[in-house]
Amino acid sequence: EPEVTQTPSHQVTQMGQEVILRCVPISNHLYFYWYRQILGQKVEFLVSFYNNEISEKSEIFDDQFSVERPDGSNFTLKIRSTKLEDSAMYFCASSRSGGVNQPQHFGDGTRLSIL
Amino acid sequence: DAKTTQPNSMESNEEEPVHLPCNHSTISGTDYIHWYRQLPSQGPEYVIHGLTSNVNNRMASLAIAEDRKSSTLILHRATLRDAAVYYCILCMIKAAGNKLTFGGGTRVLVKP
Numbered sequence: 279e280p281e282v283t284q285t286p287s288h289q290v291t292q293m294g295q296e297v298i299l300r301c302v303p304i305s306n307h308l309y310f311y312w313y314r315q316i317l318g319q320k321v322e323f324l325v326s327f328y329n330n331e332i333s334e335k336s337e338i339f340d341d342q343f344s345v346e347r348p349d350g351s352n353f354t355l356k357i358r359s360t361k362l363e364d365s366a367m368y369f370c371a372s373s374r375s376g377g378v379n380q381p382q383h384f385g386d387g388t389r390l391s392i393l
Numbered sequence: 004d005a006k007t008t009q010p011n012s013m014e015s016n017e018e019e020p021v022h023l024p025c026n027h028s029t030i031s032g033t034d035y036i037h038w039y040r041q042l043p044s045q046g047p048e049y050v051i052h053g054l055t056s057n058v059n060n061r062m063a064s065l066a067i068a069e070d071r072k073s074s075t076l077i078l079h080r081a082t083l084r085d086a087a088v089y090y091c092i093l094c095m096i097k098a099a100g101n102k103l104t105f106g107g108g109t110r111v112l113v114k115p
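Chains B and V, in that order, are what the protein sequence lines are.
According to the working numbering, the first sequence holds residues 279 to 393 in order.
According to the working numbering, the second sequence holds residues 4 to 115 in order.
Here chain B stands alone, though its shape is the one from the complex (with noise of 0.2 Å):
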């Protein structure tokens, strides 16, 4: 069964550094999305994306966030300047529409650690 598959599965990074997260969703799938999930907490949406536009962010996903679809495989999260509140589990998910009724299929993460 396709896969979203995540890289790395832990980022160690300085506070203050950049730090890009890489994903790959399922190939057929049009739309694309970052959740974070703290230690302990709730998982957390960021942000969606469809036909290489930004379609909705939450308050989360300020300035210092940005996504990408580089080429036809990858999706990006890149976060600028880093802070030590950002360390979290940050995943990517696909699905095939935006529709509600289409299922989100999630990585297994990203675990950034600030230092």
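Keep in mind that the hints were calculated from the coordinates and are not lab data.
Treat the hints loosely; a few may be bogus.
[Unchecked claim] Mimicking DSS-like on lysine-lysine, the simulated pairs with C-alpha atoms at most 27 Å apart in a straight line are:
{"no.": "1", "chain 1": "B", "residue 1": "335", "chain 2": "V", "residue 2": "6"}
{"no.": "2", "chain 1": "B", "residue 1": "320", "chain 2": "B", "residue 2": "356"}
{"no.": "3", "chain 1": "V", "residue 1": "6", "chain 2": "B", "residue 2": "356"}
{"no.": "4", "chain 1": "V", "residue 1": "114", "chain 2": "B", "residue 2": "320"}
In this text the structure is predicted, and so the values were computed from the model without any measurement.
Fit chain V to the supplied structure of chain B, relying on the hints for placement.
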């Protein structure tokens, strides 16, 4: 967004059924009811969804109340692998994309 309410945790014995309730009294007529689960150290995993009728798939069944103000996810024979946090999420029709709003979910413990 319409809110869902779930118990914090439930316990079950292996090989027995598990019924996970979810209340969503402010659901609107076009909201779909989705269930996801999150196994330890993994990303969320889609389980099932429905609108009005009961639904079955290989993982679970979803029973939706006639007034749609509540639903129940049924795991027919719990295995140790079913130990996870189960999330009941309402999905609204939107112009583009469909973010999932996760609550605290129900943590299911399965005893051997």
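Do the hints match the structure? See the list:
Among the hinted pairs, residue 335 (chain B) with residue 6 (chain V) is consistent with the structure: their alpha-carbon atoms are about 20 Å apart, no more than 27 Å. Annotation: proposed proximity of residue 320 (chain B) to residue 356 (chain B) holds, straight-line Cα distance about 21 Å (limit 27 Å). Between residue 6 (chain V) and residue 356 (chain B) the alpha-carbon distance is near 31 Å, which puts this suggested pair outside the 27 Å criterion. Straight-line distance between C-alpha atoms of residue 114 (chain V) and residue 320 (chain B) comes to about 25 Å, which keeps the hinted pair within the 27 Å bound.
When each numbered hint is compared with the structure, a violation occurs for hint 3 only.
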